[in-house]
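> Listed below, chain by chain, are the residues.
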Amino acid sequence: MDSESPRLRLSILGVIVFSLFVALFARLYFLQVMSSEEGELEATANRVRVVQTEAPRGRILDAEGRVIVDNRTSLVVTVDPHELEDYDEDATDELLLRLAQELTRSGMPTKLASLERRLDDPQYSPLQPIPVAVDVPEELEVILAERAEDFPGVSVRRESVRAYPEGQLAAHVFGYVGRISPEEYEARMGGPGAEDDDPKPYQPDSSIGKTGVEYQYESELRGMPGEKVIEIDSGGKPVRVIEERPPVPGNDLQLTVDLDIQRNAEAQLADQIERLRGTFTPDGKRARAPAGAVTVVDPANGHVLAMASYPTYDPDEFVNGISAERYEQYVGGDAADNPLTNRVIGGLYPPGSTFKLFTAEAAVEKGLITGSTGYNDGGTYTLQGCNGPACTRQNAQRAVHGYVDLAQSLTVSSDVYYYWLGDRFWHDRDQYGDGIQEIARRYGLGAPSGIDLPGELGGLVPDPALKQQRHDANPVAFPEGTWYAGDNVNLAIGQGDVLVTPLQLANAYAAFANGGTLYQPQVVWRILQPKGDPDDPADVVRTNEPVVVRQFDIPSGARDPIERGLAGVVEPPEGTAKNAFEGFDTTEWSIVSKTGTAENSGGKADNAWFVAYAPADDPSYSVAVVLEEAGFGGSSAAPVVRRIFEPLAGEETTDASTSAVVGGND
Amino acid sequence: MATLTRPSTELNRRDLSAPWRHIDWVLVASVLLVSVMGVTMVFSATRGAEGPADTSYLKRQAVFMVIGVGILALSTLTDYRRLRDLALPAYIALSLLLLAVVSPLGTSSKGAQAWFAIGNFQLQPSEFAKIGLIVALAALLEHWHGDVDLRRVGIASAVAGLPMALILLQPDLGTMLVFVAITVAMFLMGGVKGRHLLLLTLVGVIGVVGVLNSNVLKEYQKDRLTVFLDPESDKGGSAYNVNQSIITIQQGGLTGDGLFQGRQTQLRFVPEQQTDFIFTVVGEELGFLGAATFLGLYGLIVWRVWRAANLARDTFGQLLCVGVLAMLAFQLFESVGMTMGIMPATGIPLPFMSYGGSSTITSFVAIAVVLNVHMRRFR
Numbered sequence: 001m002d003s004e005s006p007r008l009r010l011s012i013l014g015v016i017v018f019s020l021f022v023a024l025f026a027r028l029y030f031l032q033v034m035s036s037e038e039g040e041l042e043a044t045a046n047r048v049r050v051v052q053t054e055a056p057r058g059r060i061l062d063a064e065g066r067v068i069v070d071n072r073t074s075l076v077v078t079v080d081p082h083e084l085e086d087y088d089e090d091a092t093d094e095l096l097l098r099l100a101q102e103l104t105r106s107g108m109p110t111k112l113a114s115l116e117r118r119l120d121d122p123q124y125s126p127l128q129p130i131p132v133a134v135d136v137p138e139e140l141e142v143i144l145a146e147r148a149e150d151f152p153g154v155s156v157r158r159e160s161v162r163a164y165p166e167g168q169l170a171a172h173v174f175g176y177v178g179r180i181s182p183e184e185y186e187a188r189m190g191g192p193g194a195e196d197d198d199p200k201p202y203q204p205d206s207s208i209g210k211t212g213v214e215y216q217y218e219s220e221l222r223g224m225p226g227e228k229v230i231e232i233d234s235g236g237k238p239v240r241v242i243e244e245r246p247p248v249p250g251n252d253l254q255l256t257v258d259l260d261i262q263r264n265a266e267a268q269l270a271d272q273i274e275r276l277r278g279t280f281t282p283d284g285k286r287a288r289a290p291a292g293a294v295t296v297v298d299p300a301n302g303h304v305l306a307m308a309s310y311p312t313y314d315p316d317e318f319v320n321g322i323s324a325e326r327y328e329q330y331v332g333g334d335a336a337d338n339p340l341t342n343r344v345i346g347g348l349y350p351p352g353s354t355f356k357l358f359t360a361e362a363a364v365e366k367g368l369i370t371g372s373t374g375y376n377d378g379g380t381y382t383l384q385g386c387n388g389p390a391c392t393r394q395n396a397q398r399a400v401h402g403y404v405d406l407a408q409s410l411t412v413s414s415d416v417y418y419y420w421l422g423d424r425f426w427h428d429r430d431q432y433g434d435g436i437q438e439i440a441r442r443y444g445l446g447a448p449s450g451i452d453l454p455g456e457l458g459g460l461v462p463d464p465a466l467k468q469q470r471h472d473a474n475p476v477a478f479p480e481g482t483w484y485a486g487d488n489v490n491l492a493i494g495q496g497d498v499l500v501t502p503l504q505l506a507n508a509y510a511a512f513a514n515g516g517t518l519y520q521p522q523v524v525w526r527i528l529q530p531k532g533d534p535d536d537p538a539d540v541v542r543t544n545e546p547v548v549v550r551q552f553d554i555p556s557g558a559r560d561p562i563e564r565g566l567a568g569v570v571e572p573p574e575g576t577a578k579n580a581f582e583g584f585d586t587t588e589w590s591i592v593s594k595t596g597t598a599e600n601s602g603g604k605a606d607n608a609w610f611v612a613y614a615p616a617d618d619p620s621y622s623v624a625v626v627l628e629e630a631g632f633g634g635s636s637a638a639p640v641v642r643r644i645f646e647p648l649a650g651e652e653t654t655d656a657s658t659s660a661v662v663g664g665n666d
Numbered sequence: 001m002a003t004l005t006r007p008s009t010e011l012n013r014r015d016l017s018a019p020w021r022h023i024d025w026v027l028v029a030s031v032l033l034v035s036v037m038g039v040t041m042v043f044s045a046t047r048g049a050e051g052p053a054d055t056s057y058l059k060r061q062a063v064f065m066v067i068g069v070g071i072l073a074l075s076t077l078t079d080y081r082r083l084r085d086l087a088l089p090a091y092i093a094l095s096l097l098l099l100a101v102v103s104p105l106g107t108s109s110k111g112a113q114a115w116f117a118i119g120n121f122q123l124q125p126s127e128f129a130k131i132g133l134i135v136a137l138a139a140l141l142e143h144w145h146g147d148v149d150l151r152r153v154g155i156a157s158a159v160a161g162l163p164m165a166l167i168l169l170q171p172d173l174g175t176m177l178v179f180v181a182i183t184v185a186m187f188l189m190g191g192v193k194g195r196h197l198l199l200l201t202l203v204g205v206i207g208v209v210g211v212l213n214s215n216v217l218k219e220y221q222k223d224r225l226t227v228f229l230d231p232e233s234d235k236g237g238s239a240y241n242v243n244q245s246i247i248t249i250q251q252g253g254l255t256g257d258g259l260f261q262g263r264q265t266q267l268r269f270v271p272e273q274q275t276d277f278i279f280t281v282v283g284e285e286l287g288f289l290g291a292a293t294f295l296g297l298y299g300l301i302v303w304r305v306w307r308a309a310n311l312a313r314d315t316f317g318q319l320l321c322v323g324v325l326a327m328l329a330f331q332l333f334e335s336v337g338m339t340m341g342i343m344p345a346t347g348i349p350l351p352f353m354s355y356g357g358s359s360t361i362t363s364f365v366a367i368a369v370v371l372n373v374h375m376r377r378f379r
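Line order of the protein sequences matches chains Y and P.
Quick note: the first sequence, position 243, residue 243 per this note's numbering, numbers continuous.
Quick note: the second sequence, position 188, residue 188 per this note's numbering, numbers continuous.
No wet-lab data here; the hints were simulated from the structure.
Any given hint could be a false lead.
Below are the BS3-like pairs computed for lysine-lysine, each with C-alpha atoms no more than 30 Å apart in a straight line [to be verified]:
(1) P/110 to P/222
(2) Y/467 to Y/200
(3) Y/531 to Y/210
(4) P/59 to Y/237
(5) P/193 to Y/237
(6) Y/467 to Y/366
To give an idea of the interface, some chain Y residues facing chain P are shown, with a C-beta separation under 7 Å as derived from the structure [what the hints assert, rightly or not]:
(7) 10
(8) 14
(9) 15
(10) 21
(11) 22
(12) 27
(13) 28
(14) 32
(15) 39
(16) 43
(17) 229
(18) 233
(19) 237
(20) 535
(21) 536
(22) 540
All residues carry an ideal CB built from backbone N, CA and C; glycine is no exception.
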C-alpha cells in the first residue's frame, strides 16, 4: 500500500463529512430564513384556541318597566374530557356511574349511557367542559365539592338561563329560546353567504330566540359572548390565557305591552273559552271552543297593549331544551290546537259581520248610498236577475229587521242590507269596481300588518282576478274560477274566502277610530341598555317610533253614521251585544264595536268575534277577540271585551260566571 | 495552571514532545461550549411552562457533563496505545453486556430493550459499545497493516456484525446505523479494497430490505423510517413528530424566540425534545443564527477530529480518530437531519446535546481518545 493512500482516503472522508454539513446548513437556511413564516402560521394554529362564554340575554320589560323575561343562574354539572384522558375506560365508567348515581339521588334520574352519549356528542368542543346535567340543586354542588377526589374532572358551572317571573304571561309575545339548530348555526356561522363576521358569534350549543320577540330581536337580546384566547400545549391542555374579553349582556327590550291589560286579557280569554266549552250555542250546536285570541292595540300609535292566544304554552319548558316527546305534544295531534301558534297574528278567520264596517264605508265612499240611505230588511234578499232557490239569502237566525238605515244596519247587524250592497256593487261593477276590496285593503286587510313579530300571516281579501288566478294555479283545490254575485254578497258580510287575523281587525278598527291613520302595529317600544332603567332617558338606546302605513280620509258622511251605528251595538234596545254590556256605563266611556258570527263549515259551531274601540271620543283601546267554534259574537265573544274594558273604564268588575253566556245575537 | 508552569518554562521549551504541550485546546473549547449549550437546551426543554422550573434534568445532565470532563482530563494521563491491549477484553465485555441487555436483565422503554436500570440511572450499553467497536476495529485493522483480503474483510465484518445484530434485537435501528457508519469509515481507512466495500454495501442493502420485510422491526418503527419521504402523508400518526419538529424549527426564524421562550418547545409540541429532538429547541429558541453557530462549533469539533486523524503518528491512532469522526458526524447528520425532515426519524442522540448519561459520557470518552492521539503524536 503506498503512503499516499491513507491520506487520499482521509480526504475522501473529509469531503463526505463536509458535504453532510453543507446539506444541514442548506436545509436549516431554507427552513428558518426562507420559509419561517409558514412555520409561524402553523405553530400559531397549533397552539392557540378561542373559547367563548355565553353572555346573558337582555331582559324583556313591559311598557311600565316591569320585568317579564329575566335571567336566572342555573347550576350545570360539567365533565372535562381532558381530565378523563388520564383514566382508562373502566375508571372512566366508574366515575360516570358514580356521577349518574349522585345525580339520580339529587332528584335528576340519570343513566350511565346517557352521560356517555353526551360526552361523545360531537357538538361539544373537547376543549371545554361538557354539560351533562342542568338545573341541579345547590346540595349537589356541595356534595361534588366535598368529594372532589371521587369526581375528577367534574365541576359545577353557573350559567345564565331564561327566567319568567310572570310565568306563561305574554308567552306568545316574547316567545321562547332554545339551543341553536345545526341549520341556524350554519346560516349564521358557516359557509359562504353566512354572516361571517357576526359581531355576536354563536357556538354550536348557544341559545337562540326561536319565536316571538326573542326571535325578532335576537341581535339586540343576544349578549356579546366573552372570549378567551388560550394557549394549549401539545396534549390540548390549556396553559395560559393570552387574551380575555368578558361577556357583555344583551340589550333590554321594553315592550308596548301593558302587563295589567295583558294579564286581564289572558285571564278573560281563557275563562270564557273554558266556560263555553261543551255548551250549546243558541242555534243548537255544540261549542267545542278549542282556541281563541285577543289583542288590544292603541289607536294613537299602533302599540300592541295586549296579545293573548289560547291555548298557550310554558316557555320555561324550553329553557334547558325541551324533550322531543313534550314538543310533540305541543305541535302534534290536532294542529289547529297548536299552543305554540300565536293566533293573534298566525290565526286566519273569516271576519263575519265585523267586516260590515268596510262594506258600509265602501258603499258610501263610492256613492252607492248616502249615510242615511235605508232599506227594507224583510229577512231575505234575492239577487238581482237571479232565479232559483240559491238566489235568495237569509238573515242569520231568520231575523227580520224591517226598515233599517245604514247606522241601524250595523247596530242590528242586518245581513240583508249588506247582501243588497254586495249585489249592487257587483251589478254595477263597471261603475264601482272592486270597491269593497279596495276599502278593506286600505284598512290593512289582505296583507301582513308588518308587526315586529315572526310568523305573521297576511290573510286574504278575494276579488275576481284573484279567484281566477287561484283556479288557474290549482284547479283541483279551487274548482271554480269565476266570480259570481254570490261571491260578492258573501264578501259583503265577511264570509266566503275572506280571511283576517285578529290583529288585522283590531288595527283596522283602530285606523277607523283615529280617523284614517293605519299604523304598523308594534310590540317592542324601546331598546334599553343592558340592565337599563326605563325611567332614565340616558339608558334608552333606541325607540321604535310609530310607523304609519298609510293615511286616508274618511268622509264624515260615512264615518258619522257608521260610528253611530257601531256605538249602538252595546246599547239597548237593538244592539247585538247589548246583553253582554248590560250595566256598563257608556255615557262617559262610549264603546264603538261590532259583533261577528262567522260560519264554519261541517256543522261546527260558529267562530265568535267581537271588535271594539273605546272611548269613542278619545279612542285609546282597539280590541279584537275571536273564539273558535264558540257560538255568537254578541253572546260568546263580547263578554271578554267587556271584562277587558271594565278596569280600563273604571267600571266595577262584574262577576264573570253569571254573565258567561248572555243573550245576544249575530 | 499558569502559575505552575511558569517556573519550568525553560525545561519545557526544550522538551517539545511533552504531550501536555500538544493538547488541542480548540477541540476542548468547542466541546465544552457545545456541552454547556446542550445542558442549557436540555433545561429549556424540560423546565416546564408553568410553576417553578423543573431542574431535575438540568442537574443530572450537568453531572453527566462533569463526569465527561473528568474522564477527558484523566485520560490525558495515559497513552492511547494501551487501548490496543484492552481491545479484546473490552470488546468481549461489551458484547456480553449487549447480550445481557436483550435478556430479561435489561429494561425496555419506548419499544426498545436497551437499558440496564441501576438505581435512578439507566445505563445504555450500546452507547459504550461504540467505543468498544472503534477500538476493536482499530486494533484489528492496524494489525493487518493495510493488507486486507476478502477473508479478513469477513473477519472484520463479523467483529462489527455481532454487536450490530445484538442491537438490532433490542431493536434500536438508529444506534445500529451508527455502528454501520463507524465500520464503513474504518474499513475505508483501514485499507479494505473498493470492490470489497461495494460488496459489503450490497450485502447491507439486501440486509435492510430484508429487515424492512421481516418482523424484526415493529410496524411503527418501519413507518417512522419511511415517513420522512412524505411527511404530509400522516400528520396525526408517524409524521406527527417530524411535522411538529419542522414547524418548530421553521418558526424560530432568523433570530429565534429567545432562550426559554420557544413557543412550541415550552408547550412540548415536539415529543422527545430533550433527547433525540433536542435540535428543535436550538432551532426555535436561538433561531438560524444560533443554530448555525451551533453547527459551526460542531463543524469545528469534527474538523479537529479529522485533523487529529491526519496528524496521527501511527495507524492505530489514525483509525481511532476516523472511527470517532464517523460516529460524531453520522450522529450529528442523522439527529439534526431528522429534525429538519431530511433523514428518517430514527432516534439517536445528538452528541453533547441530548439528555442522557450513557450518550454524553460516551461522547466525552470518544473526544478523550482523539485528544490523546493528538497530544501524543510526537511520542
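> For the pair supplied as a hint, residue 193 of chain P and residue 237 of chain Y, is the alpha-carbon distance within the 30 Å limit?
Between residue 193 of chain P and residue 237 of chain Y the Cα gap is close to 58 Å, so the pair fails against 30 Å, i.e. violated.
> Hey, residue 531 of chain Y versus residue 210 of chain Y, does the alpha-carbon distance stay inside 30 Å?
holds, 22 Å
> Taken at face value, is the distance from the CA of residue 237 of chain Y to the CA of residue 59 of chain P at most 30 Å?
Holds - the C-alpha atoms of residue 237 of chain Y and residue 59 of chain P are around 27 Å apart, at most 30 Å.
> Can we keep the residue 10 of chain Y interface hint, with Cβ of chain P closer than 7 Å?
holds, 6 Å
> Holds or violated: is there a CB of chain P closer than 7 Å to the CB of residue 22 of chain Y?
Where the cut-off is 7 Å and the nearest Cβ of chain P is about 10 Å from residue 22 of chain Y, the hint is violated.
> Compare the distance between the alpha carbons of residue 110 of chain P and residue 222 of chain P with 30 Å, and conclude whether the hinted pair is satisfied.
Given that 30 Å is the threshold and the Cα spacing comes to 14 Å, the pair holds.
> Measure nothing beyond the straight line between the CA atoms of residue 467 of chain Y and residue 200 of chain Y; if it is 30 Å or shorter, mark the hint as holding.
violated, 46 Å
> So, residue 28 of chain Y near chain P? Judge it on the closest CB pair being under 7 Å.
It holds, given that the least Cβ distance between residue 28 of chain Y and chain P is near 6 Å, below 7 Å.
> Classify the hint on residue 32 of chain Y as holds or violated, based on whether any CB of chain P lies nearer than 7 Å to its CB.
holds, 4 Å
> Does residue 14 of chain Y hold up as a contact with chain P if the rule is Cβ-Cβ below 7 Å?
Interface hint status for residue 14 of chain Y: holds (5 Å vs cutoff 7 Å).
> For the hint on residue 540 of chain Y, does the least C-beta distance to chain P fall short of 7 Å?
Result: violated, 47 Å to nearest chain P Cβ.
> Return the status of the interface hint for residue 237 of chain Y: holds when the least beta-carbon distance to chain P is below 7 Å, violated otherwise.
Because about 9 Å separates residue 237 of chain Y from the closest Cβ in chain P, which is outside the 7 Å limit, the hint is violated.
Violated hints for the displayed structure, listed by number in ascending order: 2, 5, 9, 11, 17, 19, 20, 21, 22.
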